[in-house]
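Protein chains in written order, with the numbering used here: chain A, 1 to 287; chain B, 1001 to 1565.
It is worth saying that the hints were derived from the structure and are not from the lab.
Idealized CB from N, CA, C, for every residue including glycine.
There may be inaccurate statements among the hints.
[Said to hold, decoys possible] Derived DEER-like restraints, expressed as beta-carbon distance ranges:
no., chain 1, residue 1, chain 2, residue 2, range
1, B, Ile-1293, A, Ser-146, 36 to 42 Å
2, B, Glu-1132, A, Pro-134, 49 to 55 Å
3, B, Arg-1153, A, Leu-128, 48 to 54 Å
4, B, Gln-1230, A, Arg-16, 54 to 60 Å
5, B, Asp-1068, A, Thr-51, 27 to 33 Å
6, B, Asp-1213, A, Ala-141, 33 to 39 Å
[Unchecked claim] Selected chain B positions facing chain A (Cβ under 7 Å, derived; list incomplete):
no., residue
7, Ile-1136
8, Leu-1262
9, Gln-1281
10, Leu-1284
11, Thr-1334
12, Asp-1358
13, Ser-1404
14, Ser-1428
15, Lys-1521
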Amino acid sequence: MSDSLVAPPDRSKRRRFRGIADKLGILGIFIVSAMILMAVFAPWIAPYDPTERVGRPFQTPSAEHLLGTNDVGQDLLSELIFGARVSLTVGLVAALVAFIIGTTVGVLAGYYPKRIGTVLMRTVDVVLILPFLPLLIVLAAYLGRSLINTILVIGILIWAAPARVIRSQVLSLRSREYVLAAQTMGAPDRWAIWRHVLPRTALLATSTFVRAVSTAILLEAALSFLGLGDPIQKSWGSMLFWAQTRGAFLTPAWKWWVLPPGIMIMLASLGFAFIAFAVEERINPRL
Amino acid sequence: MMSSKKVLWILTVCLALVLAACGGSDTGDTTTTAGGDEPGTTSGETPDTTEPSDDPVVVRAAINNDEDTINPYTYVTGFPGWNMLMMQYDSLMQFDADGVPQPWLAETVEASEDLATWTVTIVDGVTWHDGEPLTIEDVKFAYDYFLTNAAGRFARDLAGVESVEITGEREVTISLAGPSPAFDQVALGDIPIIPQHIWETIEGPSEATFDIDVNIGSGPFKLVEYVPDQSYRFEANPDYFLGAPAVDELVVVIFADDAGALAAIRSGEVDVIFDRVSPEQIELLDAQDPLDISQGPEFTTQMINYDATKAPFDDIAVRQAIDLAVDRQDIVDTVYLGAATVGSPGWVHPDKPVYNPDVAAVYDVDAANALLDDAGYADTDDDGIREFDGQPMSFEYLTNAEDSLRLRISELVSEMLADIGIEVNVASVESSTWEEAVWPGFDINNGRNYEMAMWGWSAPVQANTIRLGQLVHGDPGKGFLNLTGFDDPDLNALVDQLEVEGDPETAQQLLNDIQAQIAEKLPFVLLAYPDGAYVYNSDVYGDWEFIAGQGIVSKVSLLPAAARP
Chain A
1 MSDSLVAPPD RSKRRRFRGI ADKLGILGIF IVSAMILMAV FAPWIAPYDP TERVGRPFQT
61 PSAEHLLGTN DVGQDLLSEL IFGARVSLTV GLVAALVAFI IGTTVGVLAG YYPKRIGTVL
121 MRTVDVVLIL PFLPLLIVLA AYLGRSLINT ILVIGILIWA APARVIRSQV LSLRSREYVL
181 AAQTMGAPDR WAIWRHVLPR TALLATSTFV RAVSTAILLE AALSFLGLGD PIQKSWGSML
241 FWAQTRGAFL TPAWKWWVLP PGIMIMLASL GFAFIAFAVE ERINPRL
Chain B
1001 MMSSKKVLWI LTVCLALVLA ACGGSDTGDT TTTAGGDEPG TTSGETPDTT EPSDDPVVVR
1061 AAINNDEDTI NPYTYVTGFP GWNMLMMQYD SLMQFDADGV PQPWLAETVE ASEDLATWTV
1121 TIVDGVTWHD GEPLTIEDVK FAYDYFLTNA AGRFARDLAG VESVEITGER EVTISLAGPS
1181 PAFDQVALGD IPIIPQHIWE TIEGPSEATF DIDVNIGSGP FKLVEYVPDQ SYRFEANPDY
1241 FLGAPAVDEL VVVIFADDAG ALAAIRSGEV DVIFDRVSPE QIELLDAQDP LDISQGPEFT
1301 TQMINYDATK APFDDIAVRQ AIDLAVDRQD IVDTVYLGAA TVGSPGWVHP DKPVYNPDVA
1361 AVYDVDAANA LLDDAGYADT DDDGIREFDG QPMSFEYLTN AEDSLRLRIS ELVSEMLADI
1421 GIEVNVASVE SSTWEEAVWP GFDINNGRNY EMAMWGWSAP VQANTIRLGQ LVHGDPGKGF
1481 LNLTGFDDPD LNALVDQLEV EGDPETAQQL LNDIQAQIAE KLPFVLLAYP DGAYVYNSDV
1541 YGDWEFIAGQ GIVSKVSLLP AAARP
């Protein structure tokens, strides 16, 4: 298996590998759409309002509360279902922020590789070199706890890797004959970028976007767990935060309080990662 | 096809590994229980041989903060930092189990008729850790030193002291500017006596750097080792003037957080946790064999603060409505799982002898709504939120993010006030941001930058009823803890009177009136007094003494029963 990942020796294996990528992609789409459906229809699926105190605190799972209750008597299953909303929103919007910054920087740096490109790429290098998690924590602590800050902090820290990938694609595109032809005929750069470069980077950009969603979901969970997110918002990370501060990691409650959000975070991140993997396999089989 | 099966198989293995990793904590639990039993079996082997003479009793304690070198100018927290300071030093008086100060280094304590002059004679034959005798000069030196080199807490204790004079071989007379009925509680039981021969050479102690050689006291323990951010080691003082302590060595280990300390006591790595145990852990820890819980009421507080100088909180009707709309019992049951006392709206803890039993919290949402309706705060745009001066009654409610229980209380308060049409948006911020907003620069002359906030005072503020004026007096000089900017002439007059009242009966009458006034006019809304709960390993050392309102962390807990006050 790992052999085939590194160097596919012949065509039949190559094709088989691509088949796996497709299957994983479908699995990813399945997981992600299930999560999105859960988030959208949360009020109908969840047995209780997650902000309402519906029972005694610290209940063990029962028929009434399938995953028990948290430290103030809110239903954990409902928290888990509604948590998908915040976690997915943060994941998608933060990735969108990164996508917009990353694509803009990547396209500009690729199309104007001399001055603008050098400056932009050194900026990218700086962002890539910065120790990631400590910086994230410092920024989150400095900006304060709110959903928007969480999104911004994650967004402005994960755009650099996509920018690099897109730049290399644009670098090769800008020397293609049709781009050169358009330039020779006096087309402005704006038009060449819009008409020729952007459409041909769109797919690659999409795959980096999906990958960024996966990263952003994990980061949101990490921030919320450390108490640097907004602890009032019901997300999977904040569920883990409360489980940690109210001692669930040390008591039998970890089985219904720690494990379910942990699995949800893993699944969501995995789902997006699978999709990104499949898309990459399609557009750039040698990646 | 085969590879896709392989992939699935690998995924399953990964998942299984993740599950197993999580399961590891469970197995960890079982082994820790077994480990926790070990000290039990070892001490169980030797119960017949007399313990104290043979094996040295070593108690290992856990704390969550580095306390620097723990001398009077370096200790960090009021709790448990001050408590560990006082294991090395003695004060003239010491609190007994009921929280009443008793003579300690002092042999007798006498107050003049007008309570403005206090005469103290000290016990003969006390020595410092280095063998020098403790004399009356040391006592005068210590008080003068704290007066000249203002160290926050001790200088504040001595506010109003005009002179400290030696009036006999072992007698000192302290003269105050005015009557101070609680001087024994505020100062005599709080201030450590420090040796003149060590401290007379130290100038500007607030800026000086110290090592632990300075820590020469007269107390039952001497600090012999300090590893920053790791641990402290205290050795018993065999020549302690009340007899050698029951514990021979005290090791204090610094943990990063509660979870670490809890895991350590469950696995038998430490024998007591000096910080309070959170309510949800009490039952679980108590169920584990050698562990015991010492629990009792304490005088810390949880309260709602609001800026009483600004609309709409300057209106007594709004404050009263908030007071009526919070279900204190619900907060105690939900957040503290019952391990707290319902807050008295009159500030004084019901377990205190000066408590006015006529003051009680009332929960009545209908009455609260009626109050607001009558005062003209109507919901004109039907969005469920009332308006004042054309603005919605929607407020930011600050709380410090580090305290998860406070955050939970804030959420409940927000829920409760929604019932009376007041919208409360909880904002959880860094401790420093929160303090800076509620108490800028720790000086109320700097004003306030908040609408509503969660707040709480540590035990000493509650313990000394004389401090009531500091909390509610409208004059910033007198009411320097009056964070809400509340100002009421009647209440000002009453606390002024209390401060100078010498007759205990009249003082009690005044205290009753003050509590009733606070409950009616509400400078703040007191929600609850959390209980203190401490966990210890009874196989290693079990004679912890719970001092009412202050907990188990004191030298009293480590002394033989005969030496306790």
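Each hint, compared with the structure:
1. A C-beta distance of roughly 39 Å is found between B/Ile-1293 and A/Ser-146, which places it inside the suggested range of 36 to 42 Å.
2. Distance hint for B/Glu-1132 and A/Pro-134: a CB-CB separation of about 50 Å, consistent with the stated range 49 to 55 Å.
3. Taking the beta carbon of each, B/Arg-1153 and A/Leu-128 are about 49 Å apart, inside 48 to 54 Å as hinted.
4. Our hint of 54 to 60 Å for B/Gln-1230 and A/Arg-16 holds, since their Cβ atoms are close to 57 Å apart.
5. Checked against the hint of 27 to 33 Å, the C-beta distance between B/Asp-1068 and A/Thr-51 comes to roughly 43 Å, which is inconsistent with it.
6. Between B/Asp-1213 and A/Ala-141, the C-beta spacing of about 38 Å keeps the proposed range 33 to 39 Å intact.
7. A least Cβ separation of about 50 Å between B/Ile-1136 and chain A goes past the 7 Å threshold, and the interface hint is therefore violated.
8. Checking B/Leu-1262 against chain A by beta carbon gives a least distance of about 6 Å; that is within 7 Å, so the hint holds.
9. Of the supplied interface hints, the one on B/Gln-1281 holds, with its beta-carbon coming within about 5 Å of a beta-carbon of chain A, less than 7 Å.
10. Satisfaction of the interface hint for B/Leu-1284 is found here, the shortest Cβ-Cβ separation to chain A being roughly 6 Å, below the 7 Å cut-off.
11. About 5 Å separates the beta-carbon of B/Thr-1334 from the nearest beta-carbon of chain A, less than 7 Å, and the hint is met.
12. Below 7 Å, beta-carbon pairs count as interface contacts, and B/Asp-1358 has none with chain A, the closest being about 32 Å; its hint is therefore violated.
13. The interface hint given for B/Ser-1404 holds, since its Cβ lies 4 Å from the closest Cβ of chain A, which is under the 7 Å cut-off.
14. The criterion of a C-beta within 7 Å of any C-beta in chain A is met by B/Ser-1428, whose closest approach is roughly 6 Å, and the hint holds.
15. Because the closest C-beta pair between B/Lys-1521 and chain A is about 31 Å apart, greater than 7 Å, the hint is violated.
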